[in-house]
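Asks: So the sequence lines, in the order shown, correspond to chains Z and R. In this text, residue positions in the first sequence follow the numbering used here: the first is 329, and each later residue adds one. In this text, residue positions in the second sequence follow the numbering used here: the first is 5, and each later residue adds one.
There could be a bad hint or two in this list.
[As the list claims (entries may be wrong)] DSSO-like mimics (lysine-lysine), calculated; alpha carbons at most 27 Å apart, straight line:
no.	chain 1	residue 1	chain 2	residue 2
1	R	K353	R	K317
2	R	K474	Z	K591
3	Z	K591	R	K499
4	R	K274	Z	K591
5	R	K466	Z	K585
6	R	K145	R	K132
7	R	K442	R	K145
8	R	K159	Z	K427
9	Z	K427	R	K360
10	R	K274	R	K127
[Unchecked claim] Computed footprint of chain Z on chain R, listed as stretches where at least three residues anywhere in the stretch have a Cβ under 8 Å from a Cβ of chain Z:
no.	stretch
11	57-64
12	197-209
13	361-368
14	456-468
For the record, the hints were derived by calculation from the structure and aren't laboratory data. Just so you know, these numbers come straight off a predicted model, no measurement behind them. Just so you know, even glycine gets a beta-carbon here, dropped at the ideal spot from N, CA and C.
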Amino acid sequence: MVAEESVLDTCRRRGVSRRQFMEFCGAMAATLALPKGYTQTIANALGQKRKPVLVWLEFQDCAGNTEAMLRSTHPTVEEIVLETLSWEYHETIMAGYGKHAEAALKRVVDEEKGKYLVVVEGSIPTADDGVYCTIGGRTALDIAREVCSGAAVNIAVGSCAWDGGIPKAGPNPTGALGLHEAVPGIKVVNLPGCPHNPTNTAAVLVHYLTFGVLPALDGYDRPLFAYGQLIHDQCERRAHYDAGRYVQAWGDEGHRKGWCLFKMGCKGPEANYNCPTVRFNDSTSWPVKAGHGCIACASPRFWDTKSPFYERLPHPAGFGVDVTAGEIGWTVVAGVAAATAAHAVGHVVRDHFHPGDDEPPVKEAEKTTTEVH
Amino acid sequence: MARVVIDPVTRIEGHLRIETEVNGGRVTDAWSSGTMFRGIELILRGRDPREAWIWAQRICGVCTTVHALASVRAVENALGIEIPDNARLVRNIIAGSQNVHDHVVHFYHLHALDWVDVTLALKADPAKTSQLAMSISEWPKSSTTYFKGVQDRVKALVASRQLSLFSSGDWGHPAYQLPPEANLLAVAHYIEALDMQRDFIRIHAVLGGKNPHLQTYLVGGMSTAIDGNEPEAVINPERITLFNELAARAKTFVQQVYVPDVLAIAGFYKEWFGYGEGLGNFMAYGDFPSGSINDPSDYFFPRGILMGRDLSKVHPVDPGQVSEYVTHSWYEYSVGDQTSRHPAEGETKPKYSGPKPPFQQLDTDAKYSWLKSPRYDDKPMEVGPLARTLIAYASGDAQVQKTVNAVLAKLNAPPAALYSTLGRIAARAIEADILIEKLPEWIAQLDDNMAHGDIRIHNGEKWDPESWPKSCAGFGLEEAPRGSLGHWVEIENKKIVNYQAIVPSTWNAGPRDAHGQRGAYEAALINTPIADPERPLEVLRTVHSFDPCLACAVHVIDGKGRSYGRDVVAAPEPEGSMSLPQVPAAQFVAVMQGGK
Numbered sequence: 329m330v331a332e333e334s335v336l337d338t339c340r341r342r343g344v345s346r347r348q349f350m351e352f353c354g355a356m357a358a359t360l361a362l363p364k365g366y367t368q369t370i371a372n373a374l375g376q377k378r379k380p381v382l383v384w385l386e387f388q389d390c391a392g393n394t395e396a397m398l399r400s401t402h403p404t405v406e407e408i409v410l411e412t413l414s415w416e417y418h419e420t421i422m423a424g425y426g427k428h429a430e431a432a433l434k435r436v437v438d439e440e441k442g443k444y445l446v447v448v449e450g451s452i453p454t455a456d457d458g459v460y461c462t463i464g465g466r467t468a469l470d471i472a473r474e475v476c477s478g479a480a481v482n483i484a485v486g487s488c489a490w491d492g493g494i495p496k497a498g499p500n501p502t503g504a505l506g507l508h509e510a511v512p513g514i515k516v517v518n519l520p521g522c523p524h525n526p527t528n529t530a531a532v533l534v535h536y537l538t539f540g541v542l543p544a545l546d547g548y549d550r551p552l553f554a555y556g557q558l559i560h561d562q563c564e565r566r567a568h569y570d571a572g573r574y575v576q577a578w579g580d581e582g583h584r585k586g587w588c589l590f591k592m593g594c595k596g597p598e599a600n601y602n603c604p605t606v607r608f609n610d611s612t613s614w615p616v617k618a619g620h621g622c623i624a625c626a627s628p629r630f631w632d633t634k635s636p637f638y639e640r641l642p643h644p645a646g647f648g649v650d651v652t653a654g655e656i657g658w659t660v661v662a663g664v665a666a667a668t669a670a671h672a673v674g675h676v677v678r679d680h681f682h683p684g685d686d687e688p689p690v691k692e693a694e695k696t697t698t699e700v701h
Numbered sequence: 005m006a007r008v009v010i011d012p013v014t015r016i017e018g019h020l021r022i023e024t025e026v027n028g029g030r031v032t033d034a035w036s037s038g039t040m041f042r043g044i045e046l047i048l049r050g051r052d053p054r055e056a057w058i059w060a061q062r063i064c065g066v067c068t069t070v071h072a073l074a075s076v077r078a079v080e081n082a083l084g085i086e087i088p089d090n091a092r093l094v095r096n097i098i099a100g101s102q103n104v105h106d107h108v109v110h111f112y113h114l115h116a117l118d119w120v121d122v123t124l125a126l127k128a129d130p131a132k133t134s135q136l137a138m139s140i141s142e143w144p145k146s147s148t149t150y151f152k153g154v155q156d157r158v159k160a161l162v163a164s165r166q167l168s169l170f171s172s173g174d175w176g177h178p179a180y181q182l183p184p185e186a187n188l189l190a191v192a193h194y195i196e197a198l199d200m201q202r203d204f205i206r207i208h209a210v211l212g213g214k215n216p217h218l219q220t221y222l223v224g225g226m227s228t229a230i231d232g233n234e235p236e237a238v239i240n241p242e243r244i245t246l247f248n249e250l251a252a253r254a255k256t257f258v259q260q261v262y263v264p265d266v267l268a269i270a271g272f273y274k275e276w277f278g279y280g281e282g283l284g285n286f287m288a289y290g291d292f293p294s295g296s297i298n299d300p301s302d303y304f305f306p307r308g309i310l311m312g313r314d315l316s317k318v319h320p321v322d323p324g325q326v327s328e329y330v331t332h333s334w335y336e337y338s339v340g341d342q343t344s345r346h347p348a349e350g351e352t353k354p355k356y357s358g359p360k361p362p363f364q365q366l367d368t369d370a371k372y373s374w375l376k377s378p379r380y381d382d383k384p385m386e387v388g389p390l391a392r393t394l395i396a397y398a399s400g401d402a403q404v405q406k407t408v409n410a411v412l413a414k415l416n417a418p419p420a421a422l423y424s425t426l427g428r429i430a431a432r433a434i435e436a437d438i439l440i441e442k443l444p445e446w447i448a449q450l451d452d453n454m455a456h457g458d459i460r461i462h463n464g465e466k467w468d469p470e471s472w473p474k475s476c477a478g479f480g481l482e483e484a485p486r487g488s489l490g491h492w493v494e495i496e497n498k499k500i501v502n503y504q505a506i507v508p509s510t511w512n513a514g515p516r517d518a519h520g521q522r523g524a525y526e527a528a529l530i531n532t533p534i535a536d537p538e539r540p541l542e543v544l545r546t547v548h549s550f551d552p553c554l555a556c557a558v559h560v561i562d563g564k565g566r567s568y569g570r571d572v573v574a575a576p577e578p579e580g581s582m583s584l585p586q587v588p589a590a591q592f593v594a595v596m597q598g599g600k
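Please model the complete structure; the sequences and the hints are all you need to start from.
Replies: Written out as structure tokens, the structure reads:
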């Protein structure tokens, strides 16, 4: 028998040098916006022997978050991080099926109570006694109540698990709810997005395994490191916005030169997420880089609140579009007509940051690690 | 006689339940049930048709991008928009690479564990595994040391007693027949395929912003600005080089790993050319236009229908012949549940009448699924890679005929062997091989257009809704990885009033109709051998050979709706009743039947 081994041992055995391993830990620390010294802390934590157990539940989902997880990058090393965990239930990719699959889940709930991690993907239908989603003859709601309430922590990935996502969009035919609404009182961290960015999810897992607590969260229980800033403020096209260079029509000169997509309906000025810096698929791209506006897929009830997606964001009438994103966000959250934005003073206002409309105050709970930010 | 239930069917997209009757070691009857419902088409009503694709894409994240494409095609059809050649090419590249990617992921990560016993890899001799690998392929990762490394990794996993995703497998099941070396080879390639799919799909990241859920479609074209002289253009010479590199690496993998593995594993399971035969009726809408979408005769994948395994006659497709039953589905028709309805005249009143959860068994004599039962000319059809391959073969496609004949020769199997569980798996590999050969051609055409100054990517003539007629309707057809996909849309006063999707897995996974005709899964499961009713692994083999996607498969037709969006969200008024009015859409009927 081979002795139980740590992630670092696994890395070594698989030809990953200690230096590469430390580089990975450094990258994770950077994603989490931790100071440099935390690289070693992460490395120490991942050197622990026992693999925590994780189960991944899918309810009213499209498996897009599962697929995103499969695309998780830094392949060799991130894969090891997943091997850090014993990933014992995940319908889309697990070996077992039917009764064996259900037995695997039951074992975790019974034997790992209070210790296991749960990832939830998809909303939970509550209308008509939950008949709109059953697994093994049980309703999603029944399963979520049992499994999530026994977990050390629940990670809601994607917008559906967070706030009901697209199934909850009007008229919400199935009474779909996000996890925290369907099963109140459990410990949840939300990683919305359609889909989630697996780099952020990996970072949350690493943070939790390293420090034993979740990273600092905002009022929606989203980690600040990923949702603490407006897309607009991190956007590579921001300089064009500030200079008043806009795409006016798809395929025009500005579009080909990578100018600002604000007039094409981009919701970046109202959206908190780290797409521009983390990007997707081995940091290859993100929607704005690919020439399309942001749809604010990590914002509350975005399907209803951010659509129509091609409609330009409201702005003070008569003052052109060249105002700051923060102002626009502020305008919307205040629920006043754009034209009444009193502080629009008739000239271009820049460098005047307000939080986005989806930005409630940081919660006091779970702030254990705030000081490291 | 025993009722054997699999729920959840895992390693698929979505929530599927299969119930079978097992008699004397054989499946004698089967029922397929979709157990999740969202109602996305309902949610689409009242929205801006230009963004329907953003919503519709969320029907599925495994078949990501395919619903987006069908949706923009439907709206473009309704508004009479022709897209620029560059947009056609970008869409072909995205759809073609999706198809290849999906087939690779399906074979290794969703299907292989039905045939490969991971724990048997421990008994393999790495040197013999190396010999086996070298005997079937040029793929360079084939040394004894390499396979020893993979084996050590599996050993450590087993020794840890925490087998992660593999903890619940049916290891040691008598139906596993591969020698240990083939198991080790397959485990190595399972891991390599994870790397491959991650790498290859970067082509979607460039052309779609991300995968899954690409974000670059536009009604009228694509948002991927193209300009040979602009560093910030989404498509420029540097990106063309990247596409070519990604496609070349994927081609090597498909041809040196995926196809040889399929042939090698099939060689150990030849009796599965005799199981899973199914309906024998096949349909494909065809796809990958060479010019206008309105000219199906020019598609790279041909359109057609085969009936009763007769390859001598390819029938034309008439969308007016499509209808749906709800006899065994949890919906009601006002005209009674014994009658099928053309989707354009359809109505959907969800009404769950199954057992109250938690339950052990469905009443399969009554209604038992959230899927409807689509029929063509009142007959059930199989759609998917096997249908496409057979239709191309019967249509005289030289490349398909050559590839199919080569595969059959290699396996020493007659053409009739294709009507089977293994036939579906082989067809998928054949298709991946054909598409990965085609991909560089589309990339080269894009490059050529750009070099000659053609930088049109979007036709904006109808972008402004003010330019639209008061009402119009259209449809978009497509070949998604899992088969024939259609979206139908009706637009009135610049908003969607009707939206309908008929999806591959509904064709394949749907329940019985009023005549008692089984759906494709149900028919294919008949006569499957079952070694141990407690562990019905063999059922999974045939069900997985269709590559089920259940999130896609459950759909409803929509009634007239009101507008949603920014203006109404402050005071949401969810409707209390899910009962929908019958669709009053003579125009929609006309569209469904091929007109405008």
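Asks: Hint by hint, note whether the structure agrees.
Replies: Hint by hint, here is what the structure shows:
Annotation: proposed proximity of K353(R) to K317(R) is violated, straight-line Cα distance about 39 Å (limit 27 Å). Proposed proximity of K474(R) and K591(Z) is supported: the alpha carbons are some 26 Å apart, at most 27 Å. Between the alpha carbons of K591(Z) and K499(R) the distance comes to roughly 21 Å, so the proposed pair stays at or under 27 Å and holds. Proximity of K274(R) to K591(Z) is assessed by CA-CA distance (about 59 Å); at most 27 Å being required, the pair is judged violated.
Note on K466(R) and K585(Z): the hinted pairing holds, with a Cα-Cα distance of about 23 Å set against a maximum of 27 Å. For the suggested pair K145(R) and K132(R), the alpha carbons sit about 14 Å apart, so the restraint of at most 27 Å is met. Distance hint between K442(R) and K145(R) is fulfilled; the C-alpha atoms sit about 26 Å from each other, no more than 27 Å. Annotation: proposed proximity of K159(R) to K427(Z) holds, straight-line Cα distance about 26 Å (limit 27 Å).
Proposed proximity of K427(Z) and K360(R) is supported: the alpha carbons are some 20 Å apart, at most 27 Å. A threshold of 27 Å between alpha carbons decides the hint, and for K274(R) with K127(R) the separation of about 23 Å falls inside it, so the pair holds. A stretch counts as covered by a chain when three or more of its residues have a beta carbon under 8 Å from one of that chain; for the stretch 57-64 of chain R and chain Z the count is 5, and the coverage holds. Here's how the stretch 197-209 of chain R fares: 9 of its residues keep a CB closer than 8 Å to some CB of chain Z, so the rule of at least three is met and the hint holds.
Check on the stretch 361-368 of chain R: 4 of its residues sit with their Cβ under 8 Å from a Cβ of chain Z, so the three-residue criterion for coverage holds. Only when three residues or more bring their CB closer than 8 Å to a CB of chain Z does the claim for the stretch 456-468 of chain R stand; here the count is 6, and the claim holds.
When held up to the earlier numbered hints, the structure conflicts with 1 and 4 and fits the remainder.
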